[in-house]
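Novice: Chain B: place on chain A using the hints.
Chains as they are written, first to last, in this note's numbering: chain A, 1 to 388; chain B, 1 to 365.
These are calculated hints, taken from the structure and not from any lab test. Careful: at least some of the hints might be erroneous.
[Claimed, not checked] Cβ pair distances, simulated, as ranges:
| id | chain 1 | residue 1 | chain 2 | residue 2 | range |
| --- | --- | --- | --- | --- | --- |
| 1 | B | N280 | A | K57 | 41 to 51 Å |
| 2 | A | D358 | B | M249 | 54 to 64 Å |
| 3 | A | K125 | B | D90 | 27 to 37 Å |
| 4 | A | E164 | B | N97 | 36 to 46 Å |
The beta carbon of each residue, even a glycine, is placed where N, CA and C say it ideally should be.
Read off the chains here:
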Amino acid sequence: MKVENHIIEILQLYEYAMAIGKSLDYKESCDLFLKLILKRKNLNAAWILETDESRLKSTYSVPLGKEIKLKYDHGITELLDKMGDSNIFDANETIASIAPIAIEDGKTAIFNLKEQGLLFLYSKKDNLTTKDLTQLEPVVNKFSINLKACKAFKEQEQLLHNLEIQNQELSDYAHMVSHDLKSPLRSIDTLTAWLKEDYSDQLDTSGKKQIDTIRGSVEKMDTLINGILDYSTIGKDQPESYKVDLNVLLKDVLKMIEIPDHVSIKLPELPSVFGDKYRLQQLFQNLLSNAIKYNDKADGHIEVGFEDKQPFWEFYIKDNGKGIDAVYFNKIFKAFEKLENNRESSGIGLSIVKKIVDLYGGKIWLTSELGKGTTFFFTLKKQLDGAA
Amino acid sequence: MLITSTNIDEIVQSISNHVNEKAALITIGEHTEIEVNNLIEQLNKVELRFMGGIFPKVIHGNSILDKGIVINTLNNLESMFLVKNISTKDYQIPEVNFDADKDYSLFTYVDGLTSNISHYLSELYENYGMQTNYFGGGAGSLTLQQKPCVFNNEGVFMDAAVFSVMTMSSRIGVKHGWSKVEGPFIVTKAEGNVIKEINWKNPYDVYKEVVEEHSGKTFTDDNFFDIAKGYPFGILKEDGECIVRDPLMVNENSELVCVGELEDNMVVDILNGNENSLINAAKTATQDSVNQAVTPSKAIIIDCISRILFLEDNFDKELTAITRTLQDNFPEVSIGGALTLGEISSYGEGFLEFYNKTVVVGLFE
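Chain A with its partners taken away, still in its complex shape:
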């Protein structure tokens, strides 16, 4: 009979243990474990109080009850001092004061959940003994770890949620501000054009030069705003993904870019990728434009290539231009970071490129040697799986 009782105890423990860790939701985890204990042990209530140096706060209770939020008094401090890892107390006034539900008489078992606070099990009758403490301690420890995981998961979820909101707000803000800025900028451009035209007789060379400077700055600002608009639009809506023939796309891109006579571009037969045509155009156009813009050689060479790196295509755009110092390798992908002051450059082109590659689940990096040239590498997923 003794052996049989042991087997039953072990199996009961197995049932309790298996009820732990089935969920990463705090309340659901508590429900699964604590309601089972109440049922199997014929107990009346369970609750958890979180503790810090001076206060107790309820985080769970079955049955539901009032919220406990109070400072330690003498009685509570004395109770906690007697606690140890677990203990059984008569349901006295002190325990009643920290119970979410009304209790009187009976016994309360308290388990120390360490960082997760204190677990209280209450029985109206006297059916809680030290045997219950010994039996439950190991599973309660496991339960405590489960609660810690629940909290970490919730924090992570909250963090992600906040990040999503902040990103969205930032993107909306940038979009709105850019739009609003474009309108007065157009007015300045028009008015300075009229000024130069209507008052050309009255303006001396210096005046005309200053108006040109104003218009140049306006043009620069317009480029910058367009960059911000582009940047804030990427990822705002889930882009459409369809098969895009890069041979056709690159031909279109090269038609749009002004290629100086001293620069030659070598294109191989390229594969088709999944993505949105406009975004992919932005990606290649920005990289090719940079390769042209920062090429200081009399005989400029740019080469586009790719390799099959299952499950990705790895593309590269190689030039024999100025090269980039390794200290700037990370910096250049951040918005508004420019390595040199160039009126036509918004400083946002490479951030747009990175954002597009990120959007399609790829990676971008570069190798470079000062004076010899730079190679930008990026990957795009070969198969359409929702991300690309």
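Specialist: The following block gives chain B in isolation, referenced to the frame of chain A:
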């Protein structure tokens, strides 16, 4: 009060006279020849509040009836609610304000053939806790076909529950009388009311081996329930009688379909009972409630229909054991009730559970 008339006007008149403007608990035998919707409509016309259920059989005094309506007055009614969508858990338990200085009793009838009844009971306890006693049973048809079976002023519903909270003290006794044949076993896989694995093995193989050896009978294609009705499962509790689950049939995957839900990793025994153990349990349950009661005015018996299927003609003895114990102690008390598809109560006022093959006797002050 028992009503045997099938004339709706007469029934409404009798109920009105009996409850005298108070709320009514209406317990109907499933073969009673009345249109329940019609009864509800007429009761609404006389502005009577009521809740009720349709059961395989009803109990009145020492009689068990297929047809007939048992009426109880719901004295000191505080609130009455209908809860729909029990199976989908898509409901909220309404708030009730309990006075700490008063005794309360909650009486509920639930569609006994719907799923997630345990969740409904868990929600009741989570919301009302120790502020009230709980008592009730599962309604439905003995054909085990789910149909509308619980009702109140809003209509008759399936997959629903009705409950009333009354300012009233009650004393409850619960027992089943089944005892262990073999165990413990672990229900390693269960889904709703289907046991899919016991001890990581096919549940029917495990069950069959134990039951055939104990009973000396052999399972064939068509005698499963005849043997199984005497060999339920018992979910182990550490302090009290186990919770019984009734194996009803073997499905096409050789899994055991039970009445009432089971969960993964439950520890169970295979049980057996006999005429004496069941009748003694009924008597003990009654005695438990009698021992606590002071001046009860009515007794409500919630007895599982499967006990009559097991005891057959001897079920009269079980009912007599109950009624005699009640009458010996409280001769004036009225006795009514139902044979149900599952029984509801809280053992020792603890967490609320859904029982099978059990008798629950409630004495209401």
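Novice: Taking the hints in turn, state whether each one holds.
Specialist: A quick look at each hint next to the structure:
As the Cβ distance of N280 of chain B to K57 of chain A is approximately 50 Å, the hint placing it in 41 to 51 Å holds. Between D358 of chain A and M249 of chain B the CB atoms are about 57 Å apart, so this pair conforms to the stated range of 54 to 64 Å. Judged by the Cβ atoms, the range 27 to 37 Å given for K125 of chain A and D90 of chain B holds: they are separated by roughly 35 Å. Take E164 of chain A and N97 of chain B: their Cβ atoms lie about 41 Å apart, and the range 36 to 46 Å holds.
Checked against the numbered hints listed earlier, the structure breaks none of them; every hint is satisfied.
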